[in-house]
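Be aware that the sequence shown starts at 1, since it is given in this note's numbering, and climbs by one per residue.
Rather than coming from a laboratory, the hints here were simulated on the basis of the structure.
Beta carbons are placed, not taken as given, at the ideal position from N, Cα and C, and that holds for glycine.
Keep in mind that a hint or two might mislead.
Think about it this way: if two alpha-carbon atoms lie no more than 25 Å apart in a straight line, the pair counts; the simulated BS3-like pairs of lysine-lysine are [unchecked claim]:
id, residue 1, residue 2
1, 62, 128
2, 57, 281
3, 116, 128
4, 62, 162
5, 469, 333
6, 126, 147
7, 401, 333
8, 126, 114
9, 74, 114
10, 126, 62
11, 74, 115
12, 147, 58
13, 333, 372
14, 162, 147
With beta-carbon atoms standing in for the labels, derived distance ranges [stated by the list, open to error]:
id, residue 1, residue 2, range
15, 24, 237, 55 to 61 Å
16, 300, 237, 36 to 42 Å
17, 145, 321, 54 to 60 Å
18, 87, 24, 36 to 42 Å
19, 121, 351, 44 to 50 Å
20, 329, 278, 29 to 35 Å
21, 376, 235, 47 to 53 Å
22, 87, 44, 46 to 52 Å
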Amino acid sequence: MNKLSNKYQKMENRLNVYGLSGLMNTGNTCYMNSAIQAISNLYYLRNYLFENEEEIKKILLKNAHKIFSNAEEKISPYITAIENNMATNLNKMNDLSLPQNIRDGFLKKYNESKKKYDILLERVNKWKNFINISHHDNNLSVEEQTKILNNTMTFRILCLLKGMWKKNSNIKPTSFRYVFSEINNYFDDNNHHDAEEAYSYIIRQMQEELNISTNIRIRTVLFEIDELMKYKNDINATHNIEEKKRLIESYDKMKKSMSNESRLALDSYKEMKKYYSNYSKITEIFTSFMHLNRSCPLCDFQNHNFESFLHLPLSIPDKQELNIYDCFNELCKTEILDENNLWNCGNCKQYVKGMLKTELWTNPIVLVIQIKRFDFIKMRQNNALITYPLENLDISPFLSKIKHSNINFSKYNLQSVICHTGEMTSGHYYTYAKNEDTNIWYEFNDQIIREIPMDRIQTNFAYILTYVKNE
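The task is simple: from the sequences and hints, build the whole structure.
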């Protein structure tokens, strides 16, 4: 009787707090469920989705042609591979020189491939229909709009989160999983998959679906760059030949006089401008840039690259007691390239053991960290305990010293932890997440939701950490 009373007490407590819905495991889907729970408890993203639903629908309908054209393009290699398998199996099953039992085996393989092929072909035909009707986006019927929206990742995650936050219950995410696995054929099975791959895929797909072409201005506190960009805009705007010539001369003169620091910032500006030309709120929330500086030991030539990322993979250094800052240090240490990774210097044209220095160039609103526990080459995992702060993770030591407008906000608070237990190819995923309304941490383990003490959050099973910038 006491056990029954405790059970009802837990259920009553759960009903008083929103966002404590469980997700049914529909066949090795804990990897997907844990990613969804991390996203569900990411208030910054969730609030954007809930508060801008109508605008999001308009963007999705406007982008429908691009969304489903991209989906068709992504799936075409799978279709080609299946067609090749079918042709091979067909030839083998018609080869009379082979024993009947061997030919029967190829017949079975052919039928299995044909079944998969028909499913993919039906999927592509559906997308082609969406592509055709999306040309008339201003005249779409309500039914057509609903069909298009229901086949996008963004709308499906929005609907799922609304259900999870409207009333606490156990939800079977069938509609979401249908689109989740349909757009990316890699997940279209009942196999065990990586939670990081699911998390990144959902965010990346939403980013792609919500992209809008824009001429966004990237802020910088370096006066020289602002002035240079002003010259550039004036050059493009003027039609007076003499005025254009004068502005170009001033532009070139100023560019030559810039410091190395400013030139580096200008290079990053150009790269970020290209990336942000297709902008979405997802880009604003998750995207950041790394600066990779390769230098030549022979002539001191430096090559600068800027790479965007939605999540930050951190390797585990080889030491006894570890914290997350050790992992950041491992990322940002100067690396001397070995014989297998010789760098072709752009200046002296020699293949050299170049030096590579990595640093964070910008810091995102939401910082997703993947602790690289899995070594798929050696087929082993590292379950070392790595401590990490629940509040005020300070990444300023790993940011570029060239000042940007957002460098003042370099501290983060932990929002969720996706954990992995068991074997690397067959284990189990679950999520610890903080409820923003109560500041209480909960464990989301498929259908099981329970409050957890603070000391449980530090765990050697931590795999993906989601931090939110403390502004």
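Now the hints, each set against the structure:
1. About 16 Å separates the Cα atoms of residue 62 and residue 128, which keeps this hinted pair within 25 Å; it holds.
2. Annotation: proposed proximity of residue 57 to residue 281 holds, straight-line Cα distance about 14 Å (limit 25 Å).
3. A threshold of 25 Å between alpha carbons decides the hint, and for residue 116 with residue 128 the separation of about 18 Å falls inside it, so the pair holds.
4. In summary, the hint linking residue 62 to residue 162 is supported, as the alpha carbons are separated by about 23 Å, within the 25 Å threshold.
5. The suggested pairing of residue 469 with residue 333 holds, with an alpha-carbon distance near 24 Å, which does not exceed 25 Å.
6. This hinted pair checks out: residue 126 and residue 147 have alpha carbons roughly 10 Å apart, not beyond 25 Å.
7. Restraint check for residue 401 and residue 333: satisfied, since their Cα atoms lie roughly 15 Å apart, inside the 25 Å limit.
8. For the hint linking residue 126 to residue 114, the alpha-carbon distance of about 18 Å falls within 25 Å, and the restraint holds.
9. Restraint check: the Cα-Cα separation between residue 74 and residue 114 comes to about 20 Å, which is no more than 25 Å; the hinted pair holds.
10. For the hint pairing residue 126 with residue 62, the CA-to-CA distance comes to about 18 Å; that is within 25 Å, so the pair holds.
11. Distance restraint check for residue 74 and residue 115: the Cα-Cα separation of roughly 20 Å lies within the 25 Å cut-off, and the hinted pair is therefore satisfied.
12. Only pairs whose Cα atoms come within 25 Å are accepted, and residue 147 paired with residue 58 is accepted, the gap being roughly 14 Å.
13. Our distance criterion of 25 Å between C-alpha atoms is met by residue 333 and residue 372, whose separation comes to about 17 Å.
14. Of the pairs offered as hints, the one joining residue 162 and residue 147 holds, with about 19 Å between alpha carbons and a cut-off of 25 Å not exceeded.
15. A hinted range of 55 to 61 Å holds for the C-beta pair residue 24 and residue 237, which are about 58 Å apart.
16. Range check, residue 300 to residue 237: about 40 Å between beta-carbon atoms, so the 36 to 42 Å window is met.
17. For the pair residue 145 and residue 321, the supplied restraint of 54 to 60 Å holds, since their beta-carbon distance comes to about 56 Å.
18. For residue 87 and residue 24, the Cβ-Cβ distance of about 40 Å falls inside the hinted range of 36 to 42 Å, so the restraint holds.
19. Residue 121 and residue 351 have their C-beta atoms about 48 Å apart, which keeps the hinted 44 to 50 Å range intact.
20. For residue 329 and residue 278, the Cβ-Cβ distance of about 34 Å falls inside the hinted range of 29 to 35 Å, so the restraint holds.
21. A beta carbon spacing of about 51 Å between residue 376 and residue 235 agrees with the range 47 to 53 Å that was offered as a hint.
22. At about 50 Å, the beta-carbon gap between residue 87 and residue 44 stays in the expected band of 46 to 52 Å.
Every hint, counting from the list given before, is met by this structure.
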